[in-house]
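Asker: Sequence:
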Amino acid sequence: MITPRTLKGFRDYPPASMIPRERLIDTARAVYRSFGFAPIDTPALEYREILEGKAGEESNKQLYRFEDHGGREVALRFDLTVPLARFMAQHAANLGTPFKRYHIATVWRGENTQRGRYREFMQCDFDTIGTRSVAADIETALVIHDLMQALGLTAFTIHLNNRQVLNGLLEKIGLADCAAAVLRALDKLPKIGPDKVAAEMAATAGATPEQAQAVLQMAGLSGTNGEILAQLTPLLAGQETGQAGITRLREILAGLEAAGIEERRIRLDVSIARGLDYYTGVIYETFLDPLPEIGSVCSGGRYDNLAGLYTRQELPGIGASLGLDRLLAAMEELGLLESHRTTASVFIPYFDPGRLNDYLRLGALLRGAGYATEIFPEARKLGQQLKYADQRGFQVALIAGSNELDSNQCQLKELATGNTHTFSLTPPATELLAAIQKIVD
RNA sequence: GUGGAUGUAGCUCAGUUGGUUAGAGCACUGGAUUGUGGUUCCAGGGGUCGGGGGUUCGAAUCCCCUCAUCCACCCCA
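Here my numbering runs 80 ahead of the position in the first sequence, where the first position is 1.
Just so you know, these hints were derived from the structure itself, not from any lab. Watch out, some of these pointers could steer you wrong.
[To be verified] In silico DSBU-like cross-links for lysine-lysine, where the CA-CA straight-line distance does not exceed 30 angstroms: (1) K88 x K271; (2) K88 x K252; (3) K518 x K467; (4) K461 x K518; (5) K271 x K141; (6) K252 x K276; (7) K268 x K141; (8) K268 x K252; (9) K141 x K88; (10) K141 x K252; (11) K252 x K271.
Being a predicted model, the structure only gives us computed values, none of them experimental.
Go ahead and model the full structure; you've got the sequences and the hints to work with.
Answerer: Printed below as a string of structure tokens:
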């Protein structure tokens, strides 16, 4: 016998985990579409050179690579952004810009596992390609906001920052050359504290204590969004990039306010940097107020040149990605996941062996009226079947044996309470459907 | 990839300095109740002690290797 097992970092999803997972994906899809984003998909497997071009050393180590049967060097995609870049380089001419797409798909990374970190996981990206407009920056935050609300999350904060502001400061104090190392250190601020961040900046970027102090001072700005903007202006006096960044942030905050977003949902946070090198403008990270320690559940930002490796055409854009698995873990911890093990709400026990066709007719009637209905597959004792229905979280059972069917009736039982009433099955069975509607809502 | 911890029934865990046939609770299946679930009672199924090798008269227990999970680093979703 072969031992049944799954690879490290790869998982099975039984119904209890797949049902909430699909619900989350459905919600994301609906929100993306409500802003006019259109779906795309790309192959899981790409030519290795396509994926290796952008990624940088760390990502390349995590790439699943192999040679296919035709001797081609291939690799599994490790995110959805690089495939998007390749996709745009190939199709931008036909698609036209601006182009708004969403992409919900599985990606693979051969890195070490940890809670909420797997080797196969799903990303839910949305991006707006081909525009530098502040409108796209604002809309990205609106999508994140609506997504959180649609998921039933009531306490979240979208942190935003602008790489231009960070870069402006680094240029001003002479650290522009090692921006990536400085920002990587800065990203750890909430985790390891200012002293260690300064130490790391000195070690990896060669920052002097004065330089490190200047970065930390700016990152530590606090107050309302308006107050932080006001403090930023003198710090970047005479620094063109930085001033442009401040102006952009001001426009975004004004736009979000105009769109009706509550101020407490948006926090200007000069300390967030995001590790990824390709961000050049506004950056977003979304935290759940009761669970800040799990990190950002939806992050993204603006980039100047998405597909520079694959085409001469300059494609600026902005996008963000929902951390599906992280968010699921958080929602479970917050008790926001209903643990349904069924996708139907009406259960029809099959307990009179000679009446299968009646049950099939009944099922068709209910499905036709819009109620997902399951008929038990074999004629067993009624008690057993009700137990099955109860355990799986059905809301109502529609019970009918010869006694009822002979007089064209059925019993409707609300499983949570045990309340049972008898209804006529004579079409259009309005009273029965109304009673179901009342329970299922 | 580096460092540390853990691995006994589907789940949570007991298991004495190595010593008969490895236990409990919950879950599961059946019955009490052959047309009405969640409670109760009774009975039952289910374990190569993660896997492989070694030490020993004897290993769940000690040693080595391996696989997996968790934590930290790294990086990130």
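Asker: Decide, hint by hint, whether the structure agrees.
Answerer: Hint by hint, here is what the structure shows:
1. K88 x K271: Holds - the C-alpha atoms of K271 and K88 are around 28 angstroms apart, at most 30 angstroms.
2. K88 x K252: Not satisfied, since the Cα-Cα distance of roughly 47 angstroms exceeds 30 angstroms.
3. K518 x K467: Status holds; Cα separation ~23 angstroms.
4. K461 x K518: Holds: K461 and K518 sit about 28 angstroms apart, inside 30 angstroms.
5. K271 x K141: Cα-Cα ~25 angstroms, so holds.
6. K252 x K276: At roughly 23 angstroms apart (the allowed maximum being 30 angstroms), K276 and K252 satisfy the hint.
7. K268 x K141: Answer holds: K268 to K141 is near 22 angstroms, not above 30 angstroms.
8. K268 x K252: holds, 22 angstroms
9. K141 x K88: holds, 17 angstroms
10. K141 x K252: violated, 35 angstroms
11. K252 x K271: Status holds; Cα separation ~27 angstroms.
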